[in-house]
Amino acid sequence: MKNVAKNHILVPRRSERRFYGHGIPGVDLEQLAGKLIVVEGADGSGRSTQIARLVEWLEGSGHATVQVGLKRSTLVSEELEQAQEGNILSRTTLSLFYATDFADQLENIILPALKAGFIVLADRYIYTLMARDMVRGMDEAWLRNLYGLALEPDAVFYLNVSPEELVQRTFAKNAALDYWESGMDQGLSRDMFDSFMEYQTAMQKTFRRLQSSYGFTIVDGMRSAQDINAELQKKISAVLAGK
Amino acid sequence: MKTFAELGFPGRLIAVEGLDGSGKSTQIYLLKRWLELQELKVYFSEWNSSELVKAATSKGKKRELLTPTTFSLIHATDFADRYERHLVPLLRAGYIVLCDRYIFTAFARDVVRGCPPEWVRGIYNFAALPDLTFFFKSDLEVSLKRILDGRPQLKYFEAGMDLRLSADPYESFRIFQGRILEQYLAMSTEFNFLVVDANQVVEKQQGVVRELISQRVDLASFHRAERPVPKPRAERHARVKEEEPAP
Numbered sequence: 474m475k476n477v478a479k480n481h482i483l484v485p486r487r488s489e490r491r492f493y494g495h496g497i498p499g500v501d502l503e504q505l506a507g508k509l510i511v512v513e514g515a516d517g518s519g520r521s522t523q524i525a526r527l528v529e530w531l532e533g534s535g536h537a538t539v540q541v542g543l544k545r546s547t548l549v550s551e552e553l554e555q556a557q558e559g560n561i562l563s564r565t566t567l568s569l570f571y572a573t574d575f576a577d578q579l580e581n582i583i584l585p586a587l588k589a590g591f592i593v594l595a596d597r598y599i600y601t602l603m604a605r606d607m608v609r610g611m612d613e614a615w616l617r618n619l620y621g622l623a624l625e626p627d628a629v630f631y632l633n634v635s636p637e638e639l640v641q642r643t644f645a646k647n648a649a650l651d652y653w654e655s656g657m658d659q660g661l662s663r664d665m666f667d668s669f670m671e672y673q674t675a676m677q678k679t680f681r682r683l684q685s686s687y688g689f690t691i692v693d694g695m696r697s698a699q700d701i702n703a704e705l706q707k708k709i710s711a712v713l714a715g716k
Numbered sequence: 006m007k008t009f010a011e012l013g014f015p016g017r018l019i020a021v022e023g024l025d026g027s028g029k030s031t032q033i034y035l036l037k038r039w040l041e042l043q044e045l046k047v048y049f050s051e052w053n054s055s056e057l058v059k060a061a062t063s064k065g066k067k068r069e070l071l072t073p074t075t076f077s078l079i080h081a082t083d084f085a086d087r088y089e090r091h092l093v094p095l096l097r098a099g100y101i102v103l104c105d106r107y108i109f110t111a112f113a114r115d116v117v118r119g120c121p122p123e124w125v126r127g128i129y130n131f132a133a134l135p136d137l138t139f140f141f142k143s144d145l146e147v148s149l150k151r152i153l154d155g156r157p158q159l160k161y162f163e164a165g166m167d168l169r170l171s172a173d174p175y176e177s178f179r180i181f182q183g184r185i186l187e188q189y190l191a192m193s194t195e196f197n198f199l200v201v202d203a204n205q206v207v208e209k210q211q212g213v214v215r216e217l218i219s220q221r222v223d224l225a226s227f228h229r230a231e232r233p234v235p236k237p238r239a240e241r242h243a244r245v246k247e248e249e250p251a252p
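Chains as they are written, first to last, in this note's numbering: chain C, 474 to 716; chain W, 6 to 252.
Calculated directly from the structure, the hints in this document are not laboratory data. Model, not experiment: these values are computed from the prediction. Built from N, CA and C at the ideal position, the CB exists for glycine as well.
With a straight-line cut-off of 30 Å between C-alpha atoms, the simulated DSSO-like cross-links for lysine-lysine are:
no. : chain 1 : residue 1 : chain 2 : residue 2
1   : W       : K150      : W       : K64
2   : C       : K544      : C       : K588
3   : C       : K588      : C       : K708
4   : C       : K544      : W       : K64
5   : W       : K66       : W       : K142
6   : W       : K67       : W       : K150
7   : W       : K66       : C       : K588
8   : W       : K37       : W       : K150
9   : W       : K59       : C       : K544
10  : W       : K150      : W       : K59
11  : C       : K588      : W       : K67
12  : C       : K678      : C       : K544
13  : W       : K67       : C       : K544
14  : C       : K544      : W       : K66
15  : C       : K588      : C       : K707
16  : W       : K37       : W       : K142
17  : W       : K59       : W       : K160
18  : W       : K66       : W       : K160
19  : W       : K142      : W       : K59
20  : W       : K7        : W       : K59
21  : C       : K588      : W       : K64
A few chain C residues that don't get close to chain W, going by computed Cβ distances all over 10 Å:
no. : residue
22  : H481
23  : T522
24  : A537
25  : L543
26  : A628
27  : P636
28  : E637
29  : R642
30  : W653
31  : T674
32  : T690
33  : Q699
34  : K707
35  : S710
36  : V712
Computed, partial: chain W to chain C, Cβ under 10 Å:
no. : residue
37  : V58
38  : A61
39  : K64
40  : L71
Next up, chain W with everything else stripped away, as it sits in the complex:
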């Protein structure tokens, strides 16, 4: 498997991974804002967000229709839809694509749910690897507290209640997320995860993320003004005026 850079794509894909409640979504949001404010070409994509597939997934979750196999397949469908219709074209067009969760989420979760690792990896082998993958490593108790600070209850699937590990959702969460953490850690070296200590305060983590990206990605080359194909003069002027009314 190769990264998008290795495959010659002009764009770069940056993924964040971590347990539920690790704070990765906050971090990728701040990262997106930082890149956008520099007027770079940025696109953000979230796990389980393809419009059409989402309807089926939420129905499956609500009515508890999902088994480990269909849970895995429906998320793969969702990923494929976003991959083929959004991620790849945008990366071809030279965008920095930010993904809140990527294939590693499936590698970790589906295997914990009992799907064979080779089967899961085989299904996702149409996808190229991210150019950078940040892993937000948090303690279980920290993650649990972050989730419960935001809302009163744990969700059925994030607590792994479908696995019947424990009747107590909190205990189930600890066991389930603990197993996912093991899977992530086992993949860390293989997929060159950049591990961020997610027990730190938000600002410190964001500082680390921005520093690492500055070192590894030539951000200036993703500036919005730089278009891969130059437009005819007249049109270019018109566009600039339209986009920047106030100088």
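Pulled out of the complex, with its shape left as it was, chain C reads as follows:
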């Protein structure tokens, strides 16, 4: 038996809330009783596995959860998917399209769930969006203003996995590398493998840069799923206890 049988259920402590910048008009931060936990990392870094385990653990401990992720909004997800397939959008457009998708989920899912006291697990957040754009040469100040609409999470975990390992994990699942995750739009190299390595290395560097200003926790993603989850659980428990 895990700790499922316990009937003592911890009520999460309230945390200080703030938006990164101007935020969303008309939101009363005081009312957001839930917790926002973000898991970041490249494709193949184990995000979905970790989130699935966290959901099981949290629900077992008596907490209600909600999951969000990129490109899942009712408003623009289909259109965004279409646009990416055709590869017809220029940089600023794609960036704003993703921001719209994010804002729609923030306002229609994340904020209401937090208000209702849920624990929201976000499979990636603004940092991936910012990093992708920064790697492609977009202005950091512009991005910071844009994503000033985002709520500061209670915890952000970045699953750090080397590009070499990411390649191995991707091939263990699919026979091909993803066009966007390989940064093929940037013309780094015609060789998809080289492009993937170069792009993922640049992404990692950018994440480290963002880490210094947004202060998220870097988690060693090269360990077993179980070890990683144990570390996440320990850190999330501290967050729930208001530490």
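Given chain C, work out where chain W should sit, using these hints.
Relative to chain C, chain W alone:
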């Protein structure tokens, strides 16, 4: 922020702004016809018209999914798409680009809907300023009458019904558009708006617009025949023949 001329673009961007029902679309249409009939290189672009983004916007509007933030962002996406794929390349190629609404529409509307002004302006700061901006200044009642003459009802968003200012669409329109007008007027000096009295008849307004443009833009230099890069002789002849079958 600089204008396209200040940035060294060979083309010129002319924007029209004004309330819904101010008659600006009629004016820019007549302006376009006038320029086209002089055989000038003209391109026209309308607010909220990018093919791909439009689908999402109309879905959002129909199902009332939009909040002030997503309303703002989806219009910015639409603008960016047109800006990067059409406006900038055409201005590089020496076109006169006419825009029915430009960034000032967002500056006015989004702020009235409650978005922070600095945030909105920051998002649009990738865009250069128009070389000329006409502001069609109409009274609220005139705008309202013009809209209702054309169709039986006010649209949900043009009446600002999403802001819950009043249950009565007409009253809501007056309050909402009144606030937008305030925003426009506050920007007028900062962005050098050329203010046109839009309560006048169509012809008078068009006369003012044409006069101002003639004074400020060297229209002759935008003639279709003048190509920035000369083509090889044979090809040039062939093209001319193709385009002008009747002498």
